[in-house]
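Chemist: As a plain string of letters, each chain reads:
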Amino acid sequence: MTAEVIEIFLIAILAGVVGSILGLGGGIVVTPALTLLFGVDINHAIGASIISVIATSSGSAVAYIRDKITNIRVGMFLEVATTVGAITGAFLGAVIAPKFLYVIFAVLLLYSAYAMVKKASQEVPQNVPLHPIAQKLRLQGEYYDKALGETVAYNVDRVPQGFGVMYGAGVISGLLGIGSGSFKVMALDVFMKMPLKVSTATSNFMMGVTAAASAVIYLFRGDIDPVISAPVALGVLIGATVGSRLMQRMKSRTIRKLFIPVMIYVAAQMLYTGWRG
Amino acid sequence: MEEAKAKAKADANANAITGAEGEQAASRIAAVELAVTKMLRIGIYAAAAVIVTGLLWLLITGEGGYPEDTYPTSFTDIASGVADWKPVAVIEAGLFLLILTPVMRVVVSLFTFLHEKDYRFAWITALVLVILIISFALGKAG
Chain A
1 MTAEVIEIFL IAILAGVVGS ILGLGGGIVV TPALTLLFGV DINHAIGASI ISVIATSSGS
61 AVAYIRDKIT NIRVGMFLEV ATTVGAITGA FLGAVIAPKF LYVIFAVLLL YSAYAMVKKA
121 SQEVPQNVPL HPIAQKLRLQ GEYYDKALGE TVAYNVDRVP QGFGVMYGAG VISGLLGIGS
181 GSFKVMALDV FMKMPLKVST ATSNFMMGVT AAASAVIYLF RGDIDPVISA PVALGVLIGA
241 TVGSRLMQRM KSRTIRKLFI PVMIYVAAQM LYTGWRG
Chain B
1 MEEAKAKAKA DANANAITGA EGEQAASRIA AVELAVTKML RIGIYAAAAV IVTGLLWLLI
61 TGEGGYPEDT YPTSFTDIAS GVADWKPVAV IEAGLFLLIL TPVMRVVVSL FTFLHEKDYR
121 FAWITALVLV ILIISFALGK AG
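Sequences listed follow chains A and B, in order.
In terms of the working numbering, the first sequence opens at residue 1 and continues consecutively.
In terms of the working numbering, the second sequence opens at residue 1 and continues consecutively.
It cannot be assumed that every hint is accurate.
Claimed, not checked - The calculated lysine-lysine pairs, modelled on DSSO-like cross-linking and capped at a C-alpha distance of 27 Å, are: (1) 136/A - 251/A; (2) 136/A - 117/B; (3) 136/A - 68/A; (4) 251/A - 146/A; (5) 68/A - 146/A; (6) 257/A - 136/A; (7) 257/A - 146/A; (8) 99/A - 117/B; (9) 38/B - 68/A; (10) 251/A - 118/A; (11) 68/A - 119/A; (12) 117/B - 146/A.
What the hints assert, rightly or not - Cβ pair distances, simulated, as ranges: (13) 10/A - 85/B: 27 to 33 Å; (14) 80/B - 136/A: 46 to 52 Å; (15) 39/A - 46/B: 28 to 34 Å; (16) 160/A - 107/B: 26 to 32 Å; (17) 148/A - 63/B: 50 to 56 Å; (18) 53/B - 146/A: 31 to 37 Å; (19) 41/A - 53/B: 23 to 29 Å; (20) 27/B - 276/A: 50 to 56 Å; (21) 130/B - 164/A: 17 to 23 Å; (22) 46/B - 6/A: 20 to 26 Å.
The set of hints was computed from the structure by calculation and includes no laboratory data.
Even for Gly, the Cβ is constructed at its ideal location relative to N, Cα and C.
Hey, can you work out the whole structure from these sequences and the hints?
Modeler: Rendered as structure tokens:
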């Protein structure tokens with residue numbers, strides 16, 4: 001048992017690093033690793049990945065908020081959309097076939113991957129207008145970019161569209177029980193035109209809240225196996241602490257290059273699940 | 001000419017007001033950032049310490065306190081397991097603390113927004129908290 005716990009712990013460190021840099025929560029590493037390498041059944045793997053999402057969110061937020069990368073106002077405002085979406089998703093699963101939702105969301109992801117490729121050479125967004133709602137709620141902000149060595153001031157555009165996509169991200173969390181970080185980053189980066197680093201940090205910040213709601217349900221359902229989830233939680237906390245420091249020194253262009261294949265992978269996975277289901 | 005000057009002066013005044021408001025907003029958000037990071041740190045350290053204790057104990061003794069591959073799944077069972085010092089129950093209590101951390105983060109930011117008299121965001125945060133409580137309740141019912 002000890003060897004297995006140590007192996008899971010080491011993989012969880014990697015998941016925490018990847019999740020905190022890309023704003024994904026680490027489920028993307030934890031779920032396949034547990035099912036494929038350790039033969040854990042899918043329900044317990046998803047239970048552990050929810051723990052991973054919460055650990056990444058809280059672990060990375062400490063550094064991201066201290067260094068003012070996270071936009072707390074944007075995060076808090078959009079959490080209204082993700083939490084309502086999560087409840088809708090939990091009910092929607094029982095009402096209509098998730099098949100169509102999978103396909104719609106996969107197409108949306110592919111569109112965003114395309115939009116991200118188009119701005120692959122861009123380091124920080126330029127000439128973004130300030131949306132009236134963003135102005136009213138004071139959503140604009142600035143952060144010090146350690147890779148560029150300068151302060152980046154930014155505006156926030158297309159708030160209603162971003163709110164809509166965040167609602168969709170919440171629906172997916174409710175349906176699939178995952179943090180759906182790729183959709184959150186997409187809403188912030190592609191739709192609201194915020195800098196990529198602010199987008200991944202804010203996505204991480206928000207993810208913990210959505211995941212906490214489903215985690216309690218999973219815990220009482222018995223899907224969170226303590227012996228598997230303990231090394232996941234500890235490893236991810238360490239990984240997220242490291243990752244949130246690493247990310248600040250990376251170029252946004254590099255992060256984007258890592259992010260695009262992940263989006264395509266998630267879209268392909270959703271299309272496959274939709275097709276099969 | 002005079003009119004244009006007066007207008008320029010009025011504009012400058014208007015800017016000065018928004019400038020002061022901007023500074024106020026910046027100090028408000030700094031207070032929230034500080035409160036939230038403090039809460040997250042406490043949550044993470046507490047959860048990690050409890051999980052490490054339970055896990056090391058389990059690995060050293062090889063005895064979880066429950067039959068092979070089983071563990072308590074209700075709040076009362078976890079609590080009584082912790083009271084009986086069962087390692088697996090201790091791990092679960094730590095995981096529960098970890099899950100609770102983001103929720104506490106919302107509670108702390110609600111109080112800080114209220115304290116900083118940022119009522120618009122206090123409302124937004126309260127709304128998130130209510131939705132979270134509803135989803136907890138729904139989860140329990142279902």
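Chemist: Taking the hints in turn, state whether each one holds.
Modeler: Verification of the hints:
1. 136/A - 251/A: 31 Å, violated
2. 136/A - 117/B: 16 Å, holds
3. 136/A - 68/A: 21 Å, holds
4. 251/A - 146/A: 9 Å, holds
5. 68/A - 146/A: 12 Å, holds
6. 257/A - 136/A: 34 Å, violated
7. 257/A - 146/A: 19 Å, holds
8. 99/A - 117/B: 46 Å, violated
9. 38/B - 68/A: The given pair, whose Cα atoms are some 14 Å apart, holds under the 27 Å limit.
10. 251/A - 118/A: Holds, at about 17 Å.
11. 68/A - 119/A: 24 Å, holds
12. 117/B - 146/A: The given pair, whose Cα atoms are some 33 Å apart, is violated under the 27 Å limit.
13. 10/A - 85/B: 27 to 33 Å: Because 29 Å falls inside the window, the suggested range holds.
14. 80/B - 136/A: 46 to 52 Å: Because 51 Å falls inside the window, the suggested range holds.
15. 39/A - 46/B: 28 to 34 Å: Holds, at about 32 Å.
16. 160/A - 107/B: 26 to 32 Å: Holds: the Cβ-Cβ distance is about 28 Å, inside 26 to 32 Å.
17. 148/A - 63/B: 50 to 56 Å: 54 Å, holds
18. 53/B - 146/A: 31 to 37 Å: Since the Cβ atoms of residue 53/B and residue 146/A sit about 36 Å apart, the hinted range of 31 to 37 Å holds.
19. 41/A - 53/B: 23 to 29 Å: 27 Å, holds
20. 27/B - 276/A: 50 to 56 Å: Since residue 27/B and residue 276/A have Cβ atoms about 53 Å apart, the given range 50 to 56 Å holds.
21. 130/B - 164/A: 17 to 23 Å: At 21 Å between Cβs, range holds.
22. 46/B - 6/A: 20 to 26 Å: 24 Å, holds
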